[in-house]
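J.: Sequence:
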Amino acid sequence: MKYLKQEIKIFTSKLTGNYITKLPKGKKEDYLELFEEAKKFSYPSIDKYLDNKNKVDNNWFNELVLHTQITIKKSKLNFQHGRILYSLLSEYLDKFKSDINILETGTARGFSSIIMSKVLNEKNIKNSKIYTLDIIPHNKKIYWNCIDDSEGKKTRKELLSKWNHLTENIEFLSGRSKNILPRLQKLARINFAFLDGAHDYKTVKYEFLFVSKRQKKNDLLILDDVTKDKFNGIVKLVEEIESNKSYNVKLIESETNRGYAILKKN
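Residues in the sequence shown are numbered consecutively from 1013, following the working numbering.
FYI, nobody ran anything at the bench for these hints, they're computed from the structure.
Each residue gets a CB set at the ideal place from its N, CA and C atoms; glycine is no exception.
One should not assume that every hint holds.
Stated by the list, open to error - Computed cross-link-like contacts, EDC-like style, restricted to lysine to aspartate or glutamate with a CA-CA straight-line distance of at most 20 Å:
(1) K1085 with E1049
(2) K1138 with E1163
(3) K1060 with E1251
What the hints assert, rightly or not - Here are the simulated distance ranges between beta carbons:
(4) K1174 with L1221: 30 to 38 Å
(5) K1277 with G1164: 43 to 51 Å
(6) L1035 with K1107: 43 to 51 Å
(7) E1041 with R1201: 41 to 49 Å
(8) E1267 with N1244: 17 to 25 Å
(9) K1240 with K1276: 40 to 48 Å
(10) K1169 with D1042: 19 to 27 Å
(11) L1035 with D1059: 36 to 44 Å
(12) E1183 with E1049: 44 to 52 Å
(13) R1195 with K1169: 14 to 22 Å
(14) S1173 with I1032: 16 to 24 Å
(15) N1244 with N1139: 34 to 42 Å
(16) N1191 with E1045: 33 to 41 Å
Required output: the full structure, derived from the provided sequences and hints.
T.: Below you can see the structure in the form of structure tokens.
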């Protein structure tokens, strides 16, 4: 039943063009207020994990957060995965020091991709590529449920215009992973991956298997939303990965309802 609902939602989104919201959900002031509130939250477990690791510039990070992560929704705003991605990719490149391929599922507004591209830019890794996919087209004007909606509908490209220089090594792919990933069979290696698209077991396992076949020792794969009783499909997959010991698995909770799995290839 849950899978059927997802299918209907995707079909309806394509039909109407309302991938996120039909109309703006709030005014500019509403998003600014949410932004100020979100900055007050602390995440001790994340701070502890990232201690002694490279950290993203806070001012730069907050500007990106304001435009791509501050949304009006029932659940608590949480964008700590951005900090994790920055630090882990930075650490990986300090050791690898070469061109790499990165795969992301669940582009959304482009938050994670821009952060990973910033790391590539800072490390002067010029010929690396980020492949990011989502059912939301890159060049379709929509409302994004973000502060930019006060200026009217925008494409993702327009939404990310402040970070244009960081989109040059990102390939934005539109569609579902089962349709898009076969087009990326040419990738011999995926050094770093972030899976945050569909959250059902069948889809996330398909994405995981696609990546894991293309990873070598010490390559990284990060799973978002590893949360019991909320995303049990992802939890089930992580338990399977731990059992077969193909990856070293590190579980981190930023809060009770938001967990991450950091997988390092054995």
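J.: A separate judgement is required for each hint: does it hold in the structure or not?
T.: Right, here's what the structure says about each hint:
1. For the hint pairing K1085 with E1049, the CA-to-CA distance comes to about 14 Å; that is within 20 Å, so the pair holds.
2. This hinted pair does not check out: K1138 and E1163 have alpha carbons roughly 34 Å apart, beyond 20 Å.
3. A distance of roughly 24 Å separates the Cα atoms of K1060 and E1251; the hinted pair therefore is violated under the 20 Å criterion.
4. Under the hint 30 to 38 Å, the C-beta atoms of K1174 and L1221, about 36 Å apart, fit the expected range.
5. A hinted range of 43 to 51 Å holds for the C-beta pair K1277 and G1164, which are about 44 Å apart.
6. Separation of L1035 from K1107 is about 47 Å and conforms to the stated range, judged on CB atoms against 43 to 51 Å.
7. Between E1041 and R1201 the Cβ separation comes to about 47 Å, which falls inside the hinted range of 41 to 49 Å.
8. For E1267 and N1244, the Cβ-Cβ distance of about 18 Å falls inside the hinted range of 17 to 25 Å, so the restraint holds.
9. Between K1240 and K1276 the beta carbon distance is about 22 Å. The supplied range of 40 to 48 Å is therefore violated.
10. At roughly 25 Å, the beta carbons of K1169 and D1042 sit within the given window of 19 to 27 Å.
11. For L1035 and D1059, the Cβ-Cβ distance of about 38 Å falls inside the hinted range of 36 to 44 Å, so the restraint holds.
12. Under the hint 44 to 52 Å, the C-beta atoms of E1183 and E1049, about 35 Å apart, miss the expected range.
13. A hinted range of 14 to 22 Å for the beta carbons of R1195 and K1169 is consistent with their spacing of about 21 Å.
14. Between S1173 and I1032 the Cβ separation comes to about 19 Å, which falls inside the hinted range of 16 to 24 Å.
15. In this structure the supplied range 34 to 42 Å holds for N1244 paired with N1139, their Cβ-Cβ distance being about 40 Å.
16. Separation of N1191 from E1045 is about 39 Å and conforms to the stated range, judged on CB atoms against 33 to 41 Å.
In this structure, the hints that do not hold are numbers 2, 3, 9 and 12, in rising order.
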